[in-house]
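Residue numbers (my numbering), protein chains in the order written: chain A, 117 to 233; chain B, 249 to 357.
Keep in mind the hints are simulated off the structure, nothing from the lab. The structure presented is a predicted model; accordingly, all values stated were derived computationally and were not measured. Any given hint could be a false lead.
[To be verified] Heads up, simulated DSSO-like pairs for lysine-lysine below, C-alpha to C-alpha not over 30 angstroms straight-line:
(1) B/K344 - A/K178
(2) B/K327 - A/K131
(3) A/K187 - B/K290
(4) A/K127 - A/K187
(5) A/K178 - A/K131
(6) B/K344 - B/K293
(7) A/K194 - B/K327
(8) A/K194 - A/K178
(9) B/K327 - B/K293
(10) A/K127 - B/K327
(11) B/K293 - A/K187
(12) B/K327 - B/K290
(13) B/K344 - B/K250
(14) A/K194 - B/K250
(15) B/K344 - A/K194
(16) A/K178 - B/K327
(17) B/K344 - A/K187
(18) A/K178 - A/K127
(19) B/K250 - B/K293
(20) B/K344 - A/K127
(21) A/K178 - B/K250
(22) A/K127 - B/K293
(23) A/K178 - B/K293
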Amino acid sequence: EAGVVQSPRYKIIEKKQPVAFWCNPISGHNTLYWYRQNLGQGPELLIRYENEEAVDDSQLPKDRFSAERLKGVDSTLKIQPAELGDSAVYLCASSFGETSVLVSEQYFGPGTRLTVT
Amino acid sequence: RKEVEQDPGPFNVPEGATVAFNCTYSNSASQSFFWYRQDCRKEPKLLMSVYSSGNEDGRFTAQLNRASQYISLLIRDSKLSDSATYLCVVTDSWGKFQFGAGTQVVVTP
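Using the sequences and the hints given, assemble the complete structure.
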């Protein structure tokens, strides 16, 4: 069974440019997460979807970040414009079940390593 | 104060030895607990869930102490392949996952 797929794996952009990341979760997983991980830190949640609904976006910097999950499957995370401090690894994860009812383990994709110059 | 705190290490462990480390959490209403393993430049992968009664998976033993609000991980008979960063994960009643910054373990020959 295929795992969580993310693309691109690496991205280098200049500050003020836009960038987008794509995630395809494990088939059948209705909950999807976007995390940002800085060097030496644990992943920090940006947004969590249950099906098409964003149930937790409290940590998403909404002035420059946006996300969507059309049809409750694939998801895209966008940054516009990017800043130097956005350099990090962006991880997508998925799990099965409604997290308010049943917490199950998350499966992570390989991440997108973003460098903003 | 961070919601989930871990000793960053590194814990330098001779091959075959035992290593143990803790993770403390601040939310007394936390519901689920996990240990994830992350290799350098790789994604986190679930190592094991942590149950109230404690649980073991091969050479790995996890314990939960709700009264003192910490979980622990013990690795017996350490292998070189155990070298990694171990992430403590705690969820709240809304299912939100909170990750610690990780504890680095380096197993030496």
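**Study point:** Violated hints - listed by number, lowest first
**Key:** Of the numbered hints, 2, 7, 10 and 16 do not hold.
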